[in-house]
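**Q** Taken in sequence, the protein lines are chains F and A. Heads up, the first sequence is in our numbering, so the first residue is 1 and it goes up one at a time. Heads up, the second sequence is in our numbering, so the first residue is 470 and it goes up one at a time.
Because the hints were derived from the structure by calculation, they are not lab data. On a predicted model such as this, the values are computed, not experimentally measured, just so you know. Be a bit skeptical, because a hint or two may be false.
What the hints assert, rightly or not - Derived Cβ-Cβ restraints for the label pairs, each shown as a range: (1) A:K497 with F:F150: 54 to 62 Å; (2) A:V641 with F:D292: 55 to 63 Å; (3) A:N737 with F:N382: 31 to 39 Å; (4) F:N460 with A:V641: 21 to 29 Å; (5) A:K497 with F:K392: 49 to 57 Å; (6) A:E608 with F:N435: 43 to 51 Å; (7) F:I14 with A:K671: 29 to 37 Å.
Said to hold, decoys possible - The calculated lysine to aspartate or glutamate pairs, modelled on EDC-like cross-linking and capped at a C-alpha distance of 20 Å, are: (8) F:K148 with F:E65; (9) F:K406 with A:D591; (10) A:K592 with F:D215; (11) A:K601 with A:D564; (12) A:K763 with A:D731; (13) F:K361 with F:E343; (14) A:K666 with A:D728; (15) A:K671 with A:D591; (16) A:K716 with A:E670; (17) F:K63 with F:E145; (18) F:K406 with A:D634; (19) F:K398 with A:D658.
Glycine residues also receive a C-beta, built at the ideal position from the N, C-alpha and C atoms.
Take a look at the letters that make up each chain.
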Amino acid sequence: MLFNSIHFIYFFPIVLILYYLSPFKWRWLVLLVSSYYFYMSWNVNYIFLILFTTFISYYTAIKIESTKSIFNKKLYLTISIVSSLSVLFFYKYFNFFGTSINEIFNIINSKPRIPYLKLLLPVGISFYTFQTLSYSIDVYKGSMETEKHFGIYALYVSFFPQLVAGPIERSTRLLPQFKVKHKLTLGNFIMGFKWVIIGYYMKLVIADRLALYVDSVYNNVYQHTGLTFIVATILFAFQIFCDFAGYSSIAIGIARIMGFKLMTNFNRPYFASSISDFWHRWHISLSTWFRDYFYIPLGGSRVGIPRWYLNLFLTFLISGLWHGANWTFVIWGALHGVYIVIENMLKLQVKKGQKISAFKKLLRILTVFILVDFAWIFFRANNLTEAFYIVKSIFNFKTALYINSKVFFFGIVGLIILFINDYIVENNKNSILLNSNINYKSAVYFAFLICLTLFMGVFNGGQFIYFQF
Amino acid sequence: MKNSNIKYIILFISIIFIIDIIGGKILKSQFRNISFGTYGNINNSINSNSEIMILGSSRAMHHYNSKVLSKQTKVSCYNSGLGGYGFFYNYAILDEKIKKGNLKIIILDISPNVIVDAKSYDKLNLLLPYYKDYNSFKEIIRLDSEFSQLELASNMYLYNSTLYDFFRSSIVKKVDNNYGFLPLNGTIDENNFVPMKYNNEKIDTNKFIYLKKIINLCSLNDIKLIGVVSPTYLKYDVNNIVINQFKSVFDSNKLEFYDYSDFYKLYNTPKYFKDQLHLNKLGAEVFSEELANKIVYGL
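Work the whole structure out from these sequences, hints included.
**A** Below is the structure:
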C-alpha cells in the first residue's frame, strides 16, 4: 500500500478512528494489526520474514539482559545480528555477490558456479532490519531495557508510518511512545496535517513529474549526450529529494496525527555548505545510525588520522551498499567517502558560529550541490557501464537537448514554490509552516498547496524510490 | 479548542472549496478555447461539422490527410485520430459527434497493436476535463478502476496538468489548417531499424466490446462505417491473427473492410515511412489519395 494510493486514503482515516476509539490497553493491537495489513498489501508472504526477524531480536534481547555471563551476552547478540543480517543478505545481496563472483570466474575462464535465484526483495527490509539491530545493540550496551511485551515490540519493528522507508527510529525514542496514551489534540492534528500536505506536494507535484524526464533519459542513455545528461542529473537531484523527503514528511505527519513524534529525516539538504553539512541534513536517521553503530565502534575519530580517514571512508562505502545491491551504489558511497575525507583533510567545513559572506555561502552551496549531483549519476544509472557512459559523454554536446516542455514547465513551477517554502523555514526554524499553530497566512498557504497538488500533481506516478532499499 | 483555531480551520476548508468550485468554473469556460495540441484536437473534433470523420489512434492521426480526402470526395472531413487512444476514445468522441447530426462516413483506422496495448487505460486520465460534460466520456473514464469517486469529485483534479496547455494555448495562437491531420516529417532509419511484430499477446476483449459499440452507433444513426488497416513498412501482424478477427467482425456486420497493411505502392519503401507503423507526410498523401479514390468509387 502506497501513501500516494487511494487504498491508503481510505485506510488511514479508518485506522485513526479505530485507534482513538479503542481503549488504551488495546491500541497497540489496533496499530499492530493495521501495520501488518499495510505490509501484507504488498505481498502476504513478506510477513513471515518480518515475524522471524521480530521474534529472533525479541527473544535474544531478553536473553542478553537476563544472562550475567559476558560470553553469553555476546553469543546472543551475535545470534541476533547474524540472523537479521542473514535474511537481509539472502534477499538483497545473494544475487549481487553471486553474479560478481561468477564474473570473476568468467575472467579466469572458469564456469559460473553460483546460481541466480529468482527472489523478490521484500519492501523495507533494510529499514526494519536496521531498527531491530539498533535495539539488540542498545540492549547489549545496557542503554535500553528490553521490551517484555511482544506485541509492543512487534509494533516497534512494524509501525506502518515508517515501516517501509523510515525514518529508522531508535527503540529508546519510539518504544516509550507506545506506552503513553495519546489524546487527539488540535496541535498534533494541525502539525501532522501540515507535514502530510507538504509531503504529498513534494512527491506528487515535483518528484513524480521530474521522474517522467529523468526516467526517459536514464533508461535510454545511448540516445542522449551532454546537455541532456546534465539536465536529467540536476532534475534527478530534486526528484530523489522530493521523493524521499516527501515520503518521510508524510510518515512524520501521519504518525504525529496519532500523537507519535518521529525524528526529522531531512533538513533542506541542498542548502548545505559542506559535504558533512549535507550528511547532517540528508537521511538523518540513516546517517546517525551508521555513526552510532558502525563508525563509532570502528573507533570513529578517536584513532590515528589515517585510521580516522579509513573509518570515514568505510562508513560511506557500506552506507552505499546498504542502499542497493549494485556496484553503482558502492561507487556512490565511495565517492561520498572520498569527498568527506578530502573535506576533513583540507578542513573545509564551516565551524559553528563562523560567519561567512552571502556570496561565499552561495558558492559553497553550489559546489556541494555539483559534487552531490555528480555522485547521483551512479545512484540513478541502471548499471556501471551506463553510469560511466554518462560520465564520459557529459561534456559531449553533439546532440541537442531533449526537451519535454510539460515536465520543465511543471517542474520549474513546483520547485519555485518548494524553494520559497524551504527558504522561509531555513531562515526561521520556528516558522509557522511546520509548527502546531495555524493563522490566517498558513490557512491560505496550505489550502493553496492542496489545490495546487490536485491541479498539478502526477497521480499515477507509482512507488517511492526508497522502497527498493 | 481555541475559537481562533476553529476560525482558521473553517477558513482553510472554505478556501479549498472556493478555489475548487470557482477555479473549476473558470477552467471549464476557458478549456473549450484550446484549439491545438491534444485538447485542441478533441475540442475541434466535437465542434466540427464535417461529414467524414477519421477515427483511430496515432496511425489515424498521421496517415489520413483530411484535405486530400475532402478534395477527392467533395465532402468535408475531419481527422479525429488521437495518438495512444483507441476504441474507447473513438466511441466517446463518435457518440458526441453524432449529436451534431451531419456525419455520413466514419473511417475507422484499425491498428493491430492498439488491441493489446495495456497502457491505454492509464491514458484515459487525459480525458478527465470532459468527465462532467459528456456521458460517453464519463463511461470510458470509469473503465479505469484507478479513479475513485473521491478524486472525480474535485474540479481541480479533473483539470489536472492542463495548466501547461492553457499556458501554451494563450501564447501560441495556431489555427488547425490540417483539420486534425498531423503529418510526420523524416524517413525511417534503415540502419537502426528493428522490426516489431505481434507476439501472441493477450487481446483485450474490452476493446472488442467498444468496437461493437461503435458499429452499433453507426448502424443506429445510418452512418457508413469503413474499417481500414493503414499501411505499414513491414507487417506487424505477420500472420494476420488480429487483422482476421477484425475482418470477421466487419464481415459479419456487412461492413466494408480494407487491409492496406502491405499496400504495394508503399510497402517496404523507406521514403514513405517515419517508422515501421507510421507513414511520413509523403506516404500519408499517397495513401490518402488511394483511399479517397476507393471511397469515391464506393459512393
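**Q** Take the hints in turn and mark each one as holding or not.
**A** Checked hints:
Distance hint for K497 (chain A) and F150 (chain F): a CB-CB separation of about 57 Å, consistent with the stated range 54 to 62 Å. One distance hint, 55 to 63 Å for the beta-carbon pair V641 (chain A) and D292 (chain F), holds here, with the actual separation near 57 Å. Taking 31 to 39 Å as the suggested C-beta distance range, the pair N737 (chain A) and N382 (chain F) conforms, at roughly 35 Å. Hint check: N460 (chain F) to V641 (chain A), Cβ distance near 28 Å, so the stated range 21 to 29 Å holds.
Judged by the Cβ atoms, the range 49 to 57 Å given for K497 (chain A) and K392 (chain F) holds: they are separated by roughly 51 Å. In this structure the supplied range 43 to 51 Å holds for E608 (chain A) paired with N435 (chain F), their Cβ-Cβ distance being about 47 Å. At roughly 36 Å, the beta-carbon separation of I14 (chain F) and K671 (chain A) lies within the given 29 to 37 Å, and the hint holds. With a CA separation close to 11 Å, the supplied pair K148 (chain F) and E65 (chain F) stays within the 20 Å bound.
Taken as a hint, the K406 (chain F) and D591 (chain A) pair is honoured in the structure, with Cα atoms around 18 Å apart against an allowance of 20 Å. Between K592 (chain A) and D215 (chain F), the direct Cα distance comes to roughly 18 Å. Compliance with the 20 Å bound is thereby established for this hinted pair. The suggested pairing of K601 (chain A) with D564 (chain A) holds, with an alpha-carbon distance near 15 Å, which does not exceed 20 Å. Our distance criterion of 20 Å between C-alpha atoms is met by K763 (chain A) and D731 (chain A), whose separation comes to about 17 Å.
A hinted pair counts as satisfied when its Cα atoms are at most 20 Å apart, and K361 (chain F) with E343 (chain F) qualifies at roughly 16 Å. Proposed proximity of K666 (chain A) and D728 (chain A) is supported: the alpha carbons are some 17 Å apart, at most 20 Å. Straight-line distance between C-alpha atoms of K671 (chain A) and D591 (chain A) comes to about 18 Å, which keeps the hinted pair within the 20 Å bound. This hinted pair checks out: K716 (chain A) and E670 (chain A) have alpha carbons roughly 19 Å apart, not beyond 20 Å.
For the hint linking K63 (chain F) to E145 (chain F), the alpha-carbon distance of about 12 Å falls within 20 Å, and the restraint holds. Between the alpha carbons of K406 (chain F) and D634 (chain A) the distance comes to roughly 9 Å, so the proposed pair stays at or under 20 Å and holds. Note on K398 (chain F) and D658 (chain A): the hinted pairing holds, with a Cα-Cα distance of about 19 Å set against a maximum of 20 Å.
The structure shown violates none of the earlier numbered hints.
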